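Asker: One line per chain: the protein sequences are A and B, in this order. For the first sequence, the positions run 110 to 400 when our numbering is used. For the second sequence, the positions run 38 to 300 when our numbering is used.
Quick caveat, the hints were computed from the structure, so don't treat them as lab data. Here the structure is a predicted model, which means the values were calculated and not measured. Using N, Cα and C, we set each Cβ at its ideal position, and we do this for glycine too. Worth double-checking, as some hints may not be accurate.
Output of the computed footprint for chain B on chain A, the stretches with three or more beta carbons under 8 Å from beta carbons of chain B [to be verified]:
no.	segment
1	153-164
2	179-188
3	191-198
4	203-215
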Amino acid sequence: MGKIILEIQNLTKYYGKILGVKDISLKLEEGEIFGFIGPNGAGKSTTIRSIMNLINKTSGKVLIENEEFNKDDIVIKEKIGYLPSEIHLYDDLTVKEMLDYHENFYKKNIHKRRVELVKRFELDEKKEIEDLSLGNLKKLGIVLAFMHNPKILILDEPTSGLDPIMQNVFYDLLKEEKAKGNTIFYSTHILNEVSKICDRVGIIRNGKLIKVEKIEELSKKNLAFVTITSNQIKDIVKDLKVTVISEDANTIKFGNNLPYNELIKKLSKYNIDRILIEEATLEDMFLHYYK
Amino acid sequence: MFKRELKLNLKSFIIWISILMGLFLVVFLVYPSITNSANMGMIDEMMKMFPKEMLKAFNMDITTIDSAFGWLKTEGFVFVLLITGIYSGILGSNILLKEESDKTIEYLNSVPVTRKNIVLSKILCGLFYIILMVVIIGIFNFIGLSLSGEFDKKLYILLSSTPLFSSIVIFAICLFLSTFTHKTKKTLGISLGIVFVSYFLNIISEIGESTEFLKYISIFTLADIRNVILNVSINPLFVVLSIGIAVVFIILTMFHYEKKELV
Numbered sequence: 110m111g112k113i114i115l116e117i118q119n120l121t122k123y124y125g126k127i128l129g130v131k132d133i134s135l136k137l138e139e140g141e142i143f144g145f146i147g148p149n150g151a152g153k154s155t156t157i158r159s160i161m162n163l164i165n166k167t168s169g170k171v172l173i174e175n176e177e178f179n180k181d182d183i184v185i186k187e188k189i190g191y192l193p194s195e196i197h198l199y200d201d202l203t204v205k206e207m208l209d210y211h212e213n214f215y216k217k218n219i220h221k222r223r224v225e226l227v228k229r230f231e232l233d234e235k236k237e238i239e240d241l242s243l244g245n246l247k248k249l250g251i252v253l254a255f256m257h258n259p260k261i262l263i264l265d266e267p268t269s270g271l272d273p274i275m276q277n278v279f280y281d282l283l284k285e286e287k288a289k290g291n292t293i294f295y296s297t298h299i300l301n302e303v304s305k306i307c308d309r310v311g312i313i314r315n316g317k318l319i320k321v322e323k324i325e326e327l328s329k330k331n332l333a334f335v336t337i338t339s340n341q342i343k344d345i346v347k348d349l350k351v352t353v354i355s356e357d358a359n360t361i362k363f364g365n366n367l368p369y370n371e372l373i374k375k376l377s378k379y380n381i382d383r384i385l386i387e388e389a390t391l392e393d394m395f396l397h398y399y400k
Numbered sequence: 038m039f040k041r042e043l044k045l046n047l048k049s050f051i052i053w054i055s056i057l058m059g060l061f062l063v064v065f066l067v068y069p070s071i072t073n074s075a076n077m078g079m080i081d082e083m084m085k086m087f088p089k090e091m092l093k094a095f096n097m098d099i100t101t102i103d104s105a106f107g108w109l110k111t112e113g114f115v116f117v118l119l120i121t122g123i124y125s126g127i128l129g130s131n132i133l134l135k136e137e138s139d140k141t142i143e144y145l146n147s148v149p150v151t152r153k154n155i156v157l158s159k160i161l162c163g164l165f166y167i168i169l170m171v172v173i174i175g176i177f178n179f180i181g182l183s184l185s186g187e188f189d190k191k192l193y194i195l196l197s198s199t200p201l202f203s204s205i206v207i208f209a210i211c212l213f214l215s216t217f218t219h220k221t222k223k224t225l226g227i228s229l230g231i232v233f234v235s236y237f238l239n240i241i242s243e244i245g246e247s248t249e250f251l252k253y254i255s256i257f258t259l260a261d262i263r264n265v266i267l268n269v270s271i272n273p274l275f276v277v278l279s280i281g282i283a284v285v286f287i288i289l290t291m292f293h294y295e296k297k298e299l300v
């Protein structure tokens, strides 16, 4: 196991009596991209806001390189790049003024990196922030989060609003950051993204972390779906003891747990009109965990 | 950050100071024609018809309105007090809360700056504009009065510094109240309420002995205009009290903001 960069210890957050997240523990290694997925209201933003100390934790700790990260720890804040899901910046400023303002907060000179990122994301520095489209605002948010070369990046739905070309520019940037050894906490609900760029994935549901798994292991599980049309469909269901996902007259769809060999042998006894075996996508697996 | 705050709040400052200056400009232009005419006698007659208590409430029992300075001492300062008070109230309830209301706090919280520094920069900016407003309107009226005739300069200088005391306290109280909510809409009404209720309590407290106790709960008592006009001096107790109350509320603000959930 590599060096632990970000560690969440038993994070619990209640909003009054309402549960936000409960007992979340996680460790992120150096150079890792960790996908944090879950539906709306599962607790993704609560977790991120607790990490960032925007809200007070009911209990639990967040450690950055083994040091507890508290509200006013500006040394640790310098190491973090944060991109919120909805970006709200100062409408009275231009892009240039916003970037200048941002530079002022950091002791080190970050101007060179800023110029590079602005060029890469094709940002127009002369534009007023209030005139920026959602996509351009997101691009500015990305530049702000990355321009001080942070060791840890906390990204909340970073690609929403970006066009496909810019999404690719962004994925390339993530790969470079990973290659530099920087750690990325990547919250999203777009599963395709997770399988493309993340090393591990954590699934959160109703405020609880229900599964943490490596992406490769998740896809190794070769969960498959079988759709069969047959006039003996009732017998097949009884014989194979399958849990039917959907049913329509003589057609059923079920998740297959049997080795393929055994499945074929069993089915060969019946009269089959049509058969379709499909490998589960990450999305199916995700839904599988949510059942 | 302080520089940015100054820039951000400049526009509203210019609007408010323009209102005040415009008001006094009209007075300085119109007043000579009122005082030089025979109307003055009529005004004096009219004044006699008002009850004593009411005249007292506007300091008209201890001064006359037969000159621009006379007017300034009575109604004029009511406007200065109220407008600087309202400005301070709005500034206090907005300056810190605006980051949350506009949701820019999520950005500001992510950069290497402490909450204490955020609050301090905003307080300094607020105090700077309140002092600047009192100074500018003071100089403006000084010039206006100089052009209108003779007046007691020492009394004037003391008098024009009085809005500072009430305004700073209003600013600090509204700032503190703003740490209890997340939206500026909610605090605006409260801050204006504090200013007006405080002002009316102040007026009522002047009317009679039975209502005198009300002055202890009015922020405008700290401005103490009546005493300044009568004795040409500022009661040091009110200076200490104003600074003391403001400091207490600023400390409370910092303390509470430190624990606040910034959503």
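Asker: Each hint needs a verdict: does it hold in this structure or not?
Answerer: Right, here's what the structure says about each hint:
no., hint, in the structure
1, 153-164, "holds (count 5)"
2, 179-188, "holds (count 6)"
3, 191-198, "holds (count 6)"
4, 203-215, "holds (count 5)"
Violated hints are absent here; each numbered hint is respected by the structure.
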